[in-house]
Amino acid sequence: MDVINLVIDNKPVVVKKGTTILEAAKGIGIHIPTLCYMKLDDLNIENKPGGCRICVVEVDGRRNLAPACCTDVSEGMNVNTHSIRAINARRTVMELILSDHPADCLICAKSGNCDLQNMAHNLGIRKIHYQGEQSHYREDTSPAIIREVDKCIMCRRCEMMCNEVQTVGVLSAINRGFNSVVAPAFEMNLDHSVCTYCGQCVAVCPTGALTEVDETGKVVRALSDSAKTVIVQTAPAVRAALGEEFGYEAGTLVTGKLVAALRRLGFDYVFDTDFAADLTIMEEGTEMLNRLGRHLAGDKEVKLPILTSCCPAWVKFFEHHFPDMKEIPSTARSPQQMFGSIAKTYFADKLGIKREDLVVVSIMPCVAKKYECGRDEFKVNNNPDVDFALTTRELAALIKISNINFRTLPNEEYDNPLGESTGAAVIFGTTGGVIEAAVRTAYELHTKKELPRLNFDELRGMEGIRKATIDFDGTPINIGIAHGLGNARKLLEEIQAGKSEFHAIEIMSCPGGCIGGGGQPYHHGNAEILKKRQRAIYQEDTKKSIRKSHENPYIIQLYKEFLGKPMSEKAHHLLHTAYFDRTE
Amino acid sequence: MVCNADEGDPGAFMDRSILEGDPHSVIEAMAICGYCICSDTGLVYIRAEYPLAIERLKIAINQAEEYGLLGDDILGTGFSFKIELRYGAGAFVCGEETALIHSMEGLRGEPTVKPPFPSVSGYMGKPTNVNNVETFANIPVIINKGAGWFNKIGTEKSKGTKVFALAGKINNVGLIEVPMGTTLREVIYDIGGGIKDGKEFKSVQTGGPSGGCLTKKFLDTPIDYENLGAAGSMMGSGGMIVMDEDDCMVSIAKFYLEFTLEESCGKCSPCRIGNKRLHEILDKITQGNGDLEDIERLKVLSNVIKDTSLCGLGQSSPNPVLSTIANFENEYLAHVLEGKCPAGQCKSLVHYVINEELCNGCTLCFRNCPVGAITGERRVAHFIDQSLCIKCGVCFEKCKFNAITVN
Amino acid sequence: MPKIKLSENTVQTIKSVCAEFDNKESELINVLHKVQGKLGYLPAEVQEVIAKGLNTSVARVYGVVTFYSYFTMIPRGEFPISICMGTACYVRGAEQVLGEFKRQLKVEVGESTPDGKFSLNCLRCVGACGLAPVVTIGEKVFGRVAPTQVKEIIAEYRQGCASENAKSA
Ligand SMILES: Cc1cc2nc3c(=O)[nH]c(=O)nc-3n(C[C@H](O)[C@H](O)[C@H](O)COP(=O)(O)O)c2cc1C
Ligand code: SF4
Ligand code: SF4
Ligand code: SF4
Ligand code: SF4
Ligand code: FES
Ligand code: FES
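Protein chains in written order, with the numbering used here: chain G, 920 to 1503; chain B, 56 to 462; chain D, 968 to 1136.
It is worth saying that the hints were derived from the structure and are not from the lab. The reader is advised that the hints may include incorrect statements.
[To be verified] Lysine-lysine pairs mimicking DSS-like chemistry, simulated, CA-CA at most 30 Å apart:
(1) B:113 to D:1084
(2) B:169 to G:930
(3) G:1222 to D:1001
(4) D:1019 to G:1418
(5) B:113 to D:1107
(6) G:945 to B:113
(7) G:1418 to D:1107
(8) D:1001 to B:455
(9) D:1084 to D:982
(10) D:1019 to B:169
(11) G:967 to D:1001
(12) D:1019 to G:1245
(13) G:967 to B:181
(14) B:446 to D:1001
(15) B:181 to G:935
(16) B:181 to D:1019
(17) B:446 to G:958
(18) D:1107 to B:137
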């Protein structure tokens, strides 16, 4: 018997065996509230501890209430999702949760975006009948993430992300009973742990317990300092998500309004990280071809596969967990850092100002970028190449604070020379994009022939690990793609075991790539949003007149005027980096 | 095949006595069960706090192996069975079968939602049978003497015998084994020898921290699963704690809540936070600060916790509260309406007063009071300053003239 | 938390316990039992070695250690000293007595002396209020302890024999 007949709120339903009450109800348009439960379809991510007990429903013949999220339907079941008993229980459980939660909504970073706040509102909680002792924990501030543990409701989503999806293992439930909470080992701070700052815990936390470090104040201060020239770069994935903060449908591209908003905020030049992404392809693609060429020529010393290195959380991950392999990833810096480096040399020279008087701000879908720009390798005389990295969410907040009516802004263009980019750079924002961009350039540089096609559908998609073989005019090149660090770990273990068949692998820490970054507008557990952003990214690519990085005229000019050629000594100095063993 | 020897109920020690006294009965039963369900491995999850039981069980397993009653190809039957020990580490909730399994897998002992039941997906994802020590110990006897014999003992629905750990205000404490259907009166007065110091029986608590309190009116009820359940308590592990007139039922409820509070795993919100709130309200009542609404709140909250908690611990933790309210509501009312503890147990509600007529000013109490709350001079009646008194009761004990009374 | 340096010997002991259990992650609780049995307690540094040995995260090990009350991260001394901080004892100067113990032993509450002889803890009323302030050392109860006696009590334990002339309850 593979189908089950049941009745939910007097409506008969037929569903597949193994369906939960929650899913069955959803199928007929009945929404049962949930708090701890979260499922990202297609990404294989599910959190189902059955802990919050908000989703309880009444089932005929059952002694107690059933948690809808983790109770499978059975034949002849009669479910009532809003009986007095269920509603009363749900509201009481909510009151209990709130009785151990600071009522900070007015000044909470999560206010307006908070699942807990929403739920309290939807359940019509007006009074908390059960007051008592509240748990208190030390606040933890790291370079990228703030943990306000008092606001944790033990939904365990972050723990699941950090352990099962990312396999980083920083967070765990600790203690027991009323004192239990999710924390790093020994309740130490995140910056003493192996945390990669991928921010996936932040992305799924339903409350304000985990948020990014807010640096909008610092940026405003820089903008109001007349002695400074302040420039900004925007990462590819930002344009596909920022609109959500202003009521646009997910997947709406708001590139032009984004540029206009940044100008209104007072940035002297609005540039594009995409420009640096094209530059990354030049450097990384060349490095890849070098290694490949030597490999094909029979050089046994050469390390393959080459791994992409544009994701700072991924970099920190292998520095902690696979230090013996730190020679394998490309030495190319990430686009954010390439941009900063070029801005504070080439562009500062052009303006005729000292690097200290130029402030570089970046708008990123990522919280790890905050950590990355603070790394010592990316500073000259203690002056960082990138001064501040704001998340997409922080930018939205800044726009709102500054009273800019985003929806009525005109579409504006990026400034030059660091604002011109190709379609190849745009797709950096999604999983599979970096390697597709690299293929477009490497193919032409290697074969000296024009690519017969530009879209590589075999590299696209949402599966956690994807593989494809691309024919480089007679040479088959095996390409691997992983997003989510757990998937990356699998490919790395293959390499360690000498079983890897790949020549090149793209790795992104966040599920979906940067479109699903820890700094993006909250997806509230809806994977559809990520897919829509991904579609928008590919759409932007097709709209671009130039779609191959090596054809970007400003990149060509940059090499001519300043860098020489890819992997030149100057390029090495400014655009490449080294990795460190962080096991101690 | 798992034997649950976690025995976390405070005051219950029948599993320990079986494992220390007759470990072979459990080993034999596990092998028999293994044979029935085609399992070749038995795990005993035993509390680390029972070193003697562990020791004896290990010896017994070795002996059984030597005799070829455990190991490969037992007695030439082609059936192989081995038994290994796993240790608990001080978490009551690990007695719950899913938590127990997680604990054996090296994880935090947090329960998971059933279904899937362990018999479908248990240890390491394999179907697992979990039974208690006492259950196992019954098996060899039943097989030897036959099911008919066993069925003759006990009541219609509850067959066989049950071991209880008799404790509290009773003359004979210890383990007893009685047929199902024995009445509480027989247990308490015939076997237990009646209440200590000739005091009056008030209540008996069965089922451990998740059970309920039974009153005088249940004294003649035959004990079996059905009757205990109907009376708002349960059989549970078989702890039986007898209380007399000096016990305050509000404090008893609070005492049990303290236990569940310590032992809740913290995974689900009603149990994690709800029991904390229950305990706080009970505390408030014993301090004399409760009101009628608090009693109502206790009832509502208790029912929601029972209705929504994930595992058996939370689902039953409010039982002591509900059953004391049901059976001893007058005591709750005395606390909240009159500010009195009828049993004189709630310190905040107790006042030590010196009867001036009886006090001859010997200064003994004055010298013994740890906080200097007593004033007075030799041969003059003494006086207790209530604002300083911490109700330690030292003066009451020391006074040789019964001049100090408890109000 | 004060950082302790584990001796090479201790590290080896822990590693061999892990190896005894095939370095399997699912054996974590058995490993913790065995290591605590050998070392007496499970400080952070030990948990780190165990995590490495079983190829799991320290957070997970810590999550398990803090779940089970049997596991402790604080070493108990050979003579565990507990000072009652219940009301009666408090008003009779338990704080001064505690202060004196801290001064004499040079440890804080919850710590042990480096030689492992004494550990210091506080507890609530032990039901001997008439003897306040009360201190217990192991099973023994000391009543009416004055700060001036503290030195003497410690010295007696140091010499290896419990004080016979202290008033026991
Ligand atoms: C909170 C909780 C604690 C439990 N503790 C124990 C225990 O200490 N010993 C035990 O045998 N069963 C305990 N159980 C019951 C077990 O889950 C399980 O039902 C039992 O081991 C089944 O054995 P039986 O059918 O032979 O009685 C506990 C259940 C709960 C919910
Ligand atoms: S986390 Fe949510 S509910 Fe809590 S204070 Fe912040 S906004 Fe309010
Ligand atoms: S940022 Fe990533 S690695 Fe760090 S705690 Fe969160 S999920 Fe884990
Ligand atoms: S920190 Fe946030 S995501 Fe993590 S358990 Fe707490 S509420 Fe859930
Ligand atoms: S009812 Fe209590 S012990 Fe059971 S899962 Fe919930 S929190 Fe844990
Ligand atoms: S949503 Fe079902 S228990 Fe939390
Ligand atoms: S307060 Fe210290 S013994 Fe009672």
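Please write out, lowest number first, the hints stated earlier that are contradicted by the structure.
Per hint list: 1, 3, 5, 6, 7, 8, 10, 11, 14, 17 and 18 violated.
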